[in-house]
Amino acid sequence: MTRILPSLRGRNRIIIFGVILTILAIALTFLLDPYRNFQFATIAAYFTVTAGLTLLVGQSGQLSLGHAALMAAGGYGYALTANALAEAGVGGIGRFLMSFAVAVVVAGLLGLLLGLAAARLHGPYLAGVTLALIVSVPAVAATFKILGGDQGLPSPYQGVPTALQSLIAVEQWHAWVAILIAGALVTWLTLLRNGSFGLRMRAVRDDETAARLNGVPAGRVKVSAFTVSAVAAGAGGATLCFITQSVSPGAYTLSFSLLLVVAVVLGGLGSIGGAALGSVLVVMLPWLITTATAQLPLSADMAQRLTGNLPVLVFGALLTVTILVRPGGLVDLVPTRANQAPQPAPTPTT
Amino acid sequence: MTRLTRNTAAVSLAGAATLSLVLAACSTPASPGNGATPGVTDDTVTIGTHTPLTGPAAPGYADVSAAALAYFSYLNDEGGVNGRTINYIIKDDAYNPANTQMVVRELVQDDQVFAIFNGIGTAPHTSVLEYLNEKQVPDLFVATGSKSWNQPEKYPYTFPFNADYAVEGAALAQYATDEYPRQKVCVLGQDDDLGGFILEGVKANLGADGVTHTEQYSTSNPDLTAQIGAMQAAGCEVNILGSIPAFTALAMSTAARIGWDTQWFATSVGLDYATLIEILGEDTGPKLLENLSGVNYLPGAYGDGEWVDLFREVNEKYNSGAPFNGNTVFGMSAAYLFAEALEKTGKNPTREGILEVIRSGSLAGNGVAPLAFSGDNHGSYFTVGIVTMHDGVQNFNDVAYTVDGGEATRVVMEPVPFVESGIPGS
Numbered sequence: 006m007t008r009i010l011p012s013l014r015g016r017n018r019i020i021i022f023g024v025i026l027t028i029l030a031i032a033l034t035f036l037l038d039p040y041r042n043f044q045f046a047t048i049a050a051y052f053t054v055t056a057g058l059t060l061l062v063g064q065s066g067q068l069s070l071g072h073a074a075l076m077a078a079g080g081y082g083y084a085l086t087a088n089a090l091a092e093a094g095v096g097g098i099g100r101f102l103m104s105f106a107v108a109v110v111v112a113g114l115l116g117l118l119l120g121l122a123a124a125r126l127h128g129p130y131l132a133g134v135t136l137a138l139i140v141s142v143p144a145v146a147a148t149f150k151i152l153g154g155d156q157g158l159p160s161p162y163q164g165v166p167t168a169l170q171s172l173i174a175v176e177q178w179h180a181w182v183a184i185l186i187a188g189a190l191v192t193w194l195t196l197l198r199n200g201s202f203g204l205r206m207r208a209v210r211d212d213e214t215a216a217r218l219n220g221v222p223a224g225r226v227k228v229s230a231f232t233v234s235a236v237a238a239g240a241g242g243a244t245l246c247f248i249t250q251s252v253s254p255g256a257y258t259l260s261f262s263l264l265l266v267v268a269v270v271l272g273g274l275g276s277i278g279g280a281a282l283g284s285v286l287v288v289m290l291p292w293l294i295t296t297a298t299a300q301l302p303l304s305a306d307m308a309q310r311l312t313g314n315l316p317v318l319v320f321g322a323l324l325t326v327t328i329l330v331r332p333g334g335l336v337d338l339v340p341t342r343a344n345q346a347p348q349p350a351p352t353p354t355t
Numbered sequence: 208m209t210r211l212t213r214n215t216a217a218v219s220l221a222g223a224a225t226l227s228l229v230l231a232a233c234s235t236p237a238s239p240g241n242g243a244t245p246g247v248t249d250d251t252v253t254i255g256t257h258t259p260l261t262g263p264a265a266p267g268y269a270d271v272s273a274a275a276l277a278y279f280s281y282l283n284d285e286g287g288v289n290g291r292t293i294n295y296i297i298k299d300d301a302y303n304p305a306n307t308q309m310v311v312r313e314l315v316q317d318d319q320v321f322a323i324f325n326g327i328g329t330a331p332h333t334s335v336l337e338y339l340n341e342k343q344v345p346d347l348f349v350a351t352g353s354k355s356w357n358q359p360e361k362y363p364y365t366f367p368f369n370a371d372y373a374v375e376g377a378a379l380a381q382y383a384t385d386e387y388p389r390q391k392v393c394v395l396g397q398d399d400d401l402g403g404f405i406l407e408g409v410k411a412n413l414g415a416d417g418v419t420h421t422e423q424y425s426t427s428n429p430d431l432t433a434q435i436g437a438m439q440a441a442g443c444e445v446n447i448l449g450s451i452p453a454f455t456a457l458a459m460s461t462a463a464r465i466g467w468d469t470q471w472f473a474t475s476v477g478l479d480y481a482t483l484i485e486i487l488g489e490d491t492g493p494k495l496l497e498n499l500s501g502v503n504y505l506p507g508a509y510g511d512g513e514w515v516d517l518f519r520e521v522n523e524k525y526n527s528g529a530p531f532n533g534n535t536v537f538g539m540s541a542a543y544l545f546a547e548a549l550e551k552t553g554k555n556p557t558r559e560g561i562l563e564v565i566r567s568g569s570l571a572g573n574g575v576a577p578l579a580f581s582g583d584n585h586g587s588y589f590t591v592g593i594v595t596m597h598d599g600v601q602n603f604n605d606v607a608y609t610v611d612g613g614e615a616t617r618v619v620m621e622p623v624p625f626v627e628s629g630i631p632g633s
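Heads up: the protein sequence lines correspond to chains X and A, in order.
Each residue of the first sequence is one higher than the one before, counting from 6 in the working numbering.
Each residue of the second sequence is one higher than the one before, counting from 208 in the working numbering.
The shape of chain X in the complex, shown without the other chains:
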């Protein structure tokens, strides 16, 4: 791929590729009908989250089972601000930007707190803390009346801007916003990952003691990684809230959180492309399976049993097979020059 614009290197290259892919994705929305655009927007929102999560798990080596809770923080932050602004008569793009900013800050702060705890914990203990966070979402929503209990909160509908109304449908507009957010955030994450921050994260992941001896502030790196990925999760949650005009604890369950982890592992841990693949799978697979089972001559009772449960089963099977056959995830199936060329034997490490 370095054959394309070989003279372009480093940060510029990442930014330009980010812009090109974003434009391509926006162009793609013109080929899709409204429902497909809605799915595309959802994929973009999930991609924002999985890209942050894959950075956290794959690069800094910290596992989070509670990323859906950070998404919920973003969603609630967005809905509360947008509702307050709507009450005050603020509308349009200004309301969106302010609400989005609050969502990202709220999720980022929660991520910072979690990160501070995470820097002192390892492996299963950290997973336990994040697990507790996600399990507490419904209780938090029920305790604070302002969050609307199990019913959650509606957020104001934001239609197509007047200038574009004759051109695109509302789903396409929503997809554009989601793609732009995903494009900007993922480009930023890729810059971090490929820059010196990424190097320090990998150093801490591989050997914390060695990293410290080399002057890498391991604690600070881990907290930063958590905060960065929380910001991405919050942005994804706010985007989902913007697309669907609602946020509720039912949308951010433990199983959804685990599905996010499955997505990044399936796609390929640590790889941004893998995160993209994973989010496509998470959105499209249940839909494909339901569509496929609808074609089968099943009894109503059987079909009813299958609709909710089969996607979960397939995800489980896919995950098992992927880890057994391709530990690097689906992204490993993509041939690269590095794969084709004979590789030097890896240096054994102790």
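Honestly, the hints are just simulated from the structure, not real lab data.
Just so you know, these numbers come straight off a predicted model, no measurement behind them.
All C-beta atoms, glycine included, are put in the ideal place defined by N, C-alpha and C.
Just so you know, not all the hints are guaranteed correct.
Claimed, not checked - If you only want the chain X side, here are some residues facing chain A, beta carbon under 7 Å, derived: (1) 147; (2) 154; (3) 253.
To be verified - No farther apart than 16 Å at their CA atoms in a straight line, the calculated lysine to aspartate or glutamate pairs in the EDC-like style are these: (4) A:361 / A:583; (5) X:150 / A:422; (6) A:342 / X:38.
Stated by the list, open to error - Label pairs and their computed distance ranges (CB to CB): (7) A:436 / X:319: 43 to 49 Å; (8) X:106 / A:441: 45 to 51 Å; (9) A:559 / X:16: 52 to 58 Å; (10) X:168 / A:614: 49 to 55 Å; (11) X:318 / A:555: 42 to 48 Å.
We have chain X already, so just place chain A on it with the hints.
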């Protein structure tokens, strides 16, 4: 750089994968404005619903769409409505608003349904309310009693099926005043629209100081010991429950456990006898439920009557003899109401046409009282009957109330007469 190039390749691959999925799945953009009504062909009308077939809310609620499907199959075998058969698409949302968003969009944009019919659940349905009205899709006979559905100005396309919870609350409060005078009335409600509107109705009827004590619970915490204890301590004598069946059962069994013998009132969504017995068990259930009172506005599932007799037959033949309970009657009654509305819409049904029929107030339904739909009122039932449990039988006790703005007036029940074979227009 290899890592980055591999990423770029994977992103393109993901893009290509999406694209091919898209092309594989009929990507024809919806083309509005060609005059055809979505979901209507020469011989079919396609409608869809969102309902929990899996997940914690599935027991009980999953019976509703199955019953409606059975009634539609019966109707189709009898020739359908105005020569069209009804194609009813049921999609599982597991009672999760995020899934509801997905499946309802799929129904509207992919399956091109004529209307969304009998979507279940306040929280799930709230998440698609704006969307359906924005898209101008008839949102017919929503299966909960939230007052949100009755806002003709804001949501012109939405009509509820249930009597709203505030109506039920006011009727129960008045029944308490009539039959248990000078006793202390308390309310235990779910911390959402169900509990909130029940309390609103009770307060509208008794006045804010007419309620001795109020408690709340959250479905995420299945323990009512604190609430029941507080109610006993406050000296409650008549306890109105704004609860779903699981918590009706829990409240009554918790009280029994601490040895508190008191009077319970429940809402229509929280008192189905068969459902409660299933939760409480055959041994202790009947004894606990003795004397439980509540409201209902549809034919009683446990009594006799032409509607229920027909529904039993349909259930035997088209629903493979699934257990017959209040949910079955609920689903079939909603399906009958839709068929009635469609029949009255005429030979060439349109979305605007069916809304006009509902707004005209000409729908009768099959309840214990006529329906109240009109141009400026999207509420369904404002007259409800009182049911009580005696010796394991749940039946109307001939008391009914008409509620108007929190004021409940005692009236005589006027059940809607049976329509020949339960087929509208015959």
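Outcome of range test on Cβ distance (residue 106 (chain X), residue 441 (chain A); 45 to 51 Å):
Holds, at about 46 Å.
Do the Cβ positions of residue 168 (chain X) and residue 614 (chain A) conform to the proposed distance bound of 49 to 55 Å?
Given range 49 to 55 Å: holds, Cβ gap about 51 Å.
Supplied distance hint 52 to 58 Å, evaluated on CB atoms of residue 559 (chain A) and residue 16 (chain X)
57 Å, holds
Verify the CB-CB distance for residue 436 (chain A) and residue 319 (chain X) against the hinted window 43 to 49 Å.
Roughly 47 Å apart at Cβ, these two residues keep to the hinted range, so it holds.
So, as I understand it, the hint says residue 253 (chain X) touches chain A; can you test that by seeing if any CB pair is closer than 7 Å?
5 Å, holds
Between residue 342 (chain A) and residue 38 (chain X), is the straight-line Cα distance small enough, at 16 Å or below?
Holds, at roughly 15 Å.
Would the hint linking residue 150 (chain X) and residue 422 (chain A) be met if the CA-CA limit is 16 Å?
14 Å, holds
Hint validity - residue 154 (chain X) Cβ closer than 7 Å to any chain A Cβ
5 Å, holds
For residue 361 (chain A) and residue 583 (chain A), compute the direct alpha-carbon distance and say whether it is at most 16 Å.
The given pair, whose Cα atoms are some 11 Å apart, holds under the 16 Å limit.
With 42 to 48 Å as the target window, see if residue 318 (chain X) and residue 555 (chain A) comply at their CB atoms.
45 Å, holds
Given residue 147 (chain X) was flagged as interface, is its beta-carbon under 7 Å from a beta-carbon of chain A?
4 Å, holds
Hint check: no violations occur; every hint is consistent with the structure.
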